[in-house]
Every structure is written in C-alpha cells, then in structure tokens.
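**Student:** Listed here are the chains, written in short residue letters.
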Amino acid sequence: MSQTVFAPWENPEEKPLIEFRNVTKRFGSFTAIDDLSLDIYAREFFALLGPSGCGKTTMMRMLAGFENATEGQILLSGQNIGPIPPNRRAVNMMFQSYALFPHLSVWENIAFGLKRESKDKEAISARVEEMLRLTRLTKFAKRKPHQISGGQRQRVALARSLAKAPKLLLLDEPLGALDRKLREETQFELMDIQEKTGTTFVIVTHDQEEAMTVASRVAVMDEGKLIQVATPDVIYEAPNSVYVADFIGDVNLIEGRGTTEGERIRLDWAEGQPPIWATPRGPVDTDRALTFAIRPEKVSIAKDKPEDRRNLLEGEVIDIAYLGNISTYHVKIAGGQIIKAQTANTRRLANRDITWEDRVWLSFTETSGVLLEH
Amino acid sequence: MRRLVLIAVPYIWLLALFLVPFIIVLKISLSDIALAIPPYTPTLDLSGGWSAIRDFFGALDFENFVFLTTDDLYWRAYLSSLRIAAISTLITLAIGYPIAYAMARSAPEWRPTLLMLVILPFWTSFLIRVYSWMGILSSEGVLNQFLIGIGLIDTPLQILSTNIAVYIGIVYTYLPFMILPIYATLEKMDESLLEAAEDLGCSRLSAFWLVTIPLSKGGIIAGCFLVFIPAIGEFVIPSLLGGSDTLMIGKVLWEEFFSNRDWPVASAVAIVLLLILIVPIVLFQRNEQKAREAEG
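Those protein sequences? They're chains P and V, same order as listed.
Position 344, counted from 1, in the first sequence is what the UniProt record's numbering calls 344; the numbers after and before it change by one each time, with no gaps.
Position 165, counted from 1, in the second sequence is what the UniProt record's numbering calls 165; the numbers after and before it change by one each time, with no gaps.
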C-alpha cells in the first residue's frame, strides 16, 4: 500500500465539503467578512488563523448557524445552509469556553446531543461509552464539569461535539485555556482523533504554532479577507505577502528596489552596501519596490568572513536571546537595521565564541529568502 | 480570642433579638389568661425565693396548644394561610421569571436602571403602597372607573375585600424578592451554553427547558421561599385588602392579641406559626448552601 499525500485541494475532480461563495458579513457598518470565497474538503484539518477581529470567529459562527451571511452563500455538501437553523445542521462546534452544562455530569453532557435525536437508550449509551474511551474520560463519567481539570473539560467538550458524528466539527480556539505543555500534547491528540474519526475539522486560532502543527491547510486572514490559503510549509517558506511572512514566525524584512539580472534578482537595499541576490520561485515584477523576507534560521552567523557566499552582511551583535535549544542573535548592520540570525545550540553555552559587540558576518543563500511585492 | 469575639457578635445579636423575645412568647403561650396587667398569669417573682420559682413553673401548661386543636378556626386559618401563600408564590414566580429573564437578556448598560426600577417601590412606605391599592381596587376605585369608562363592564367589580385583592397585594409586594434572586442566577449564565444546546440539536424552547430553567433553579427556589415564608404570616395585606372571609393566621393572631386580649392563646398561635415556618426556612438554608457549594 503506497502512502498517497492527502491533498484534495489539488484535485480539480474533488468536490469540496464546504464552499464559501462570495460571502460578505456586515455588523451594522462594520464589515467582518469581505466578499470571501473558500473551499474546504472532506477530512481536512483546516485552520483559520489571524489576529483577533480578523473575522475568523465570524466565519466559524456562520458555519455553525449562529450568524447569517449578509451576501453570498455557504454550501455544505453542495447544499446552501443559509436557511438551516443551527440545531438542524450536521455541524457541531466546540466552544472556546467549552460551554459544558454545569448541571449535568460528564456522561450526560456527552449524551445531550444524542438524546435530542434518538430515544434508543442503548444506542446512546454505547455511543457515549465510545466517546468516553476515545477521549480517555471513562473514569470521570459521573463527575460534574466543575469537579474535573481544565484539560479534562476540554476533552469532554470535544467528546460532546463529536458524539453526533458531525460532517464538520468546528473548534473555536480549542486549546486556548490550556497551559503550554498540555496544549502541545493535546494538539497531537486532536490530530489523532481527527484521523480516527475521519471528521472534517475547522479550527479557529490566533496561535500560529498551533495552526502549523495540526492543520492540513492554513488560511491566514486579515480584516475579513483571506490573505493566503496553503499548506503550513508553503505558508512558512513561501508567504505571498509581507503580512503573512510577518504574521507567521519570525522574519527579517529588507526593503529595496529589484532589478532582474538573468535568472536572479538583484535587490539594492541601501546605498554603499552590496546588493542582495535572490532567485525567486515564480515571476516577480521588478523595477519596483520589493521586500526581501528571510527567516532567522536561514541566516548564518560567523566571526570570519565566509568566502563562498554571495549574500554577505557585516554587522555588530547587539543582543542575544538564549532560548535553550536555539539562540537568536540580533545583529545591527550598516544603516542601523537589525537582522536576526538563529543558530541551534549544539554546543554548550560556555563553548560558543560569539558574544555581545562582536563584529560578525551574516550570510545566506540565494534561494533561502523570498521576494514579496508590496 | 479575637475570633471568639467576632463569632460572639452575631450570636449575642441573635440572643438579644430572637432568643429572648422567643422565650418570652413561649412563656406567655404556656400561661393562663388573667384580668390583670400584663393580662396573663403566672408572672415570675424572683423575690419569693426557690419555692416561688417552683410554683411559677408548676403553673405553666400546654392548655393553650390543646385549645388550638379544639377550635377549627385555627387550623383552618393555618391551612388557608399556607394555601394563599403557595398560590401567591406561584403567581409571583409566573410574573417574576419573565421579568428577570428579560432583565438578564437586556443590554448590559440597561441592567442597572432596570434593577433600580425593581427596587424603586421600596422607597415608599409599604403601608402607603398597600393603602393605594385600596384606592385602585375599591368599587369607586381607579380600576373600576377605567373599566366602566372604556365600556368593558357596567357595574363595578367587587375586588377589594376579597381574596383576589389579597393575592394582588402579596404578589405586588413580594415581586422584587422573586425577581432579584432569579435575575442574579440568569445574569451569571454563560450565553454560549444556549448556543451549545442549539448546536447539539435543541430548539430554542427545549434549550430553555433543558438549560436555562435547570441553571436558574437555585434562584427560583430562593425566590419562592423569600415570597412564601413572609406571605404565610402576612397580616397587613389581608387586613387591609382582604374581606371578612379572608382567613389568614396573621389576622387571627392580631385579633387574639388586640381584640380578645388573650395573650396566651395568641402566643401559642405565634409559636405554632414559627414551627410551621421552620420547615421552609430549613429547606431554604439548604438550597442556599447547595448553591454556594456548586459555586465554590
């Protein structure tokens, strides 16, 4: 059995599970979602990522049925869900606050949705037990929500929203209330459960690391628009805009003027400084202002001038951020700009030779950065 | 030591304002009626020494309590009070819950104003407000004149001096005590719970029954007791708004004290009333404690 890459969005034959068709949502004079079109496919783990107020929660609430689109249509399996109330949609939501019913036990919380659609006690009980096992909550079935920990409450909320086997599960900042370590564990648990159940997950988050970890595709949003929709690696390595490059991870941005020279582009960024050479992935309009974006971990730092690199910047170390596994050097180059360079701390701290106020050379290859138009 | 003083303060308060009067009333209820000042016997005379005290206790008996069982006026008054209090409580709940619900669902900037409006009647004397109901409900009152004026009725309705007027008075007076605790529980409720219920397949109505009502249970119980307990012993409202056939124990108590000047029987009536009230008060306390535990 060969492992095929899961990428239904690249297959033009594939029917999307959810289609946003030119959806606009206004609250009074405020436009939360601005003429947005988006396809999400079955079995995807899709992340909506953006700062607060970017419209990601509104998108989710429209999918759940708590808000209606002002213009445009939202289709679920080809059917317009606009007129369908939330209680009739094959969509369930896991709330940011978990919204567990405080007067019901864990068991009853999970059974709540099942009891609404079926009277068959044995079937309900079997399904609840299955959900309890899936989320490892069997021991806590009789407890009330206030008698269990935050991580357990999160799992109850997940079990409750999965119990009705929805076509689509919406997760609103599902891990926001957990501490870092638990959050990381839970991310993998979520992915595991998503794979086991084969449910389509749409997750809303402002945590880019979370989105990158769990999602098959990430949509970066800003002010009601989609800026880029792509797999996490494309979002990270080939952002389509300064906004995305800056929002996801750490990045150095150098503004300059580009000119095409053969296959390469020459970026003049400061007078009297050697230009930056870059090989773009696709066609780039030159003879205009461009921004060169490069991730700190792709910038090498050395005390001696490397001879084999074309892109070289000289500067002075003004700050070192020690993060344990990696260190980020803040280097001030000519013109006063700060460039960040990151190295893995493979040697013990005492053995490293670069320190504050050292003159250093920064270097990077021609393909390691991207050129972004404004 | 400081803790002891702190704990002692409420107990001394309770001793002075509840226990001492209670013991006095209890003692009177065990005494016999007499044409004297005060109008009962025996009275304790400490100067008489040990034997006088023994005589004093020997003269006390449960005669008055036995008397309460022989005349059916008393148990009928107790039952009637319970019934009027229970019906008033239900009416107050039926009116108070929607008001509390609307207040809790209103825009947050309106809530303090609405709360103020609920409490506003307390700024006027209770007696004046009950008197003004007489003006509204009497045959020549505002209500009858209005109804005749719009042609709905020809002859004035007899509302004043009936049990209906008593219900109106009790419901009107105790409505804030129902609204406030229910409002407090509804206001705390996380609205995403209702969305979650809808998301899981509830209609708006079933979400209300399955989530809102159970979560406001504490407030409903507290409100019901706050209305029910004082309504049982209510005296002013039945005597001002009720008629001669309105039988409430508060009125009976008053008549025993001031018309019959039979303090011992009146005291016995009061003691039995207190015993009846203990049951709902204990239940109320237990409800409050449960609510506190659920929060903590």
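Treat the hints as calculated values from the structure; they're not laboratory data.
Certain hints may be false.
Stated by the list, open to error - Each computed DSS-like pair below joins lysine-lysine, with the alpha-carbon atoms no more than 25 Å apart:
| # | chain 1 | residue 1 | chain 2 | residue 2 |
| --- | --- | --- | --- | --- |
| 1 | V | K251 | V | K188 |
| 2 | P | K115 | V | K217 |
| 3 | P | K144 | V | K217 |
| 4 | P | K142 | V | K290 |
| 5 | P | K144 | V | K188 |
| 6 | P | K142 | P | K119 |
| 7 | P | K142 | V | K27 |
| 8 | P | K139 | P | K115 |
| 9 | P | K115 | P | K167 |
| 10 | P | K144 | V | K251 |
| 11 | P | K225 | P | K181 |
| 12 | P | K167 | P | K119 |
| 13 | P | K144 | P | K121 |
Computed from a predicted structure; not experimentally measured.
**Student:** With reference to the structure, classify each hint as holding or not holding.
**Tutor:** Going through the hints against the structure:
1. V:K251 x V:K188: Not OK: K251 of chain V and K188 of chain V at ~40 Å, beyond 25 Å, violated.
2. P:K115 x V:K217: holds, 22 Å
3. P:K144 x V:K217: holds, 17 Å
4. P:K142 x V:K290: holds, 18 Å
5. P:K144 x V:K188: holds, 18 Å
6. P:K142 x P:K119: holds, 21 Å
7. P:K142 x V:K27: Given pair K142 of chain P, K27 of chain V is violated - Cα atoms ~52 Å apart, limit 25 Å.
8. P:K139 x P:K115: holds, 22 Å
9. P:K115 x P:K167: holds, 18 Å
10. P:K144 x V:K251: violated, 48 Å
11. P:K225 x P:K181: violated, 32 Å
12. P:K167 x P:K119: holds, 22 Å
13. P:K144 x P:K121: Satisfied, since the Cα-Cα distance of roughly 21 Å is no more than 25 Å.
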